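Enquirer: Using the sequences and the hints, build the whole thing.
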Amino acid sequence: MHTDRHDHPRALYEGIADSLRERIFKHQLAPGTPLDEGAIAREYGVSRTPVREAVKVLAHEGLLCIHLRNGVRQECTVARLSPRDLDELLTVLTLVETFTVQQAARRRGFGLGLHQDRPQAPEENFYDRLMESAGNLYLEDVIRALGDKLLLGWGPEFRRLNQSIFTAAQEELCPCLARGDVEGATRLTRRLARERAAALGNLAGADAPRFRPATPQAVPSRGDTGNTPPPRGERPTTTTYSGDTPIAHYI
1 MHTDRHDHPR
11 ALYEGIADSL
21 RERIFKHQLA
31 PGTPLDEGAI
41 AREYGVSRTP
51 VREAVKVLAH
61 EGLLCIHLRN
71 GVRQECTVAR
81 LSPRDLDELL
91 TVLTLVETFT
101 VQQAARRRGF
111 GLGLHQDRPQ
121 APEENFYDRL
131 MESAGNLYLE
141 DVIRALGDKL
151 LLGWGPEFRR
161 LNQSIFTAAQ
171 EELCPCLARG
181 DVEGATRLTR
191 RLARERAAAL
201 GNLAGADAPR
211 FRPATPQAVP
221 SRGDTGNTPP
231 PRGERPTTTT
241 YSGDTPIAHY
251 I
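Under full-length UniProt numbering, the first residue of the sequence shown carries the number 1, and numbering increases by one thereafter.
It is possible that part of the hints are untrue.
[As the list claims (entries may be wrong)] Pairwise CB distance ranges, derived in the manner of DEER restraints: (1) Arg73 / Glu183: 48 to 56 Å; (2) Arg52 / Gly32: 15 to 23 Å; (3) Glu37 / Ala145: 24 to 32 Å; (4) Phe110 / Glu172: 15 to 23 Å; (5) Arg42 / Gly135: 39 to 47 Å.
Since the hints were derived computationally from the structure, they do not count as laboratory data. Predicted, not measured: the structure shown is a model, and the values here were computed from it. Just so you know, even glycine gets a beta-carbon here, dropped at the ideal spot from N, CA and C.
Expert: Right, here's the structure in full:
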């Protein structure tokens, strides 16, 4: 969900961008769907100018693709992610989630209100509150952006699965955070990431991304396991994240 930290009057194009974004996430506008600015303008009862600005915003976010020919825009479509894209996005999301939960444990779950006299009941938005409990707005922004990309690829089922898996583990995870058990919280977060990947794999069947949860050792994503450069046209190898090393080590 996109929120603005500053209160200010919203421009018309921002409201249109929000509406189109949500339709993309719900797959009401599925990946690959062409967008007609004129038709959208008529649908929203506005001129083409705010629609054009909204399209620019969503293209900047990677949700729309603008196809050019000789520098002139020919077509605009909803972006389409490959299985490998989704695999790599899940890997990065797990990396950031793990680091975030570790920070939350070091704060002893302060942001979740775990030390109140009355423990809070499980909520559907527990995942969002958990990711906010590290107290780092920049981490929240990264997690939100990754989640948006995965909503683009998987549709609303990703949000439902994500929330349900983490909410189901709330009674197990919150005590780890409250006592500052970084190692226990890390293990549990990795387990939840594996459960999420398996659930998404079952959802998509044989065409699902073959997500491999992060492991303590570095593993090339494809090709040789040595240090030889990848063949021409191949993408360079990547390093998976153990959850124990600070993120800055990988940047």
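Enquirer: So, for every hint listed, does it hold in this structure?
Expert: These are the hints, each one checked on the structure:
no., hint, result
1, Arg73 / Glu183: 48 to 56 Å, "52 Å, holds"
2, Arg52 / Gly32: 15 to 23 Å, "21 Å, holds"
3, Glu37 / Ala145: 24 to 32 Å, "25 Å, holds"
4, Phe110 / Glu172: 15 to 23 Å, "19 Å, holds"
5, Arg42 / Gly135: 39 to 47 Å, "45 Å, holds"
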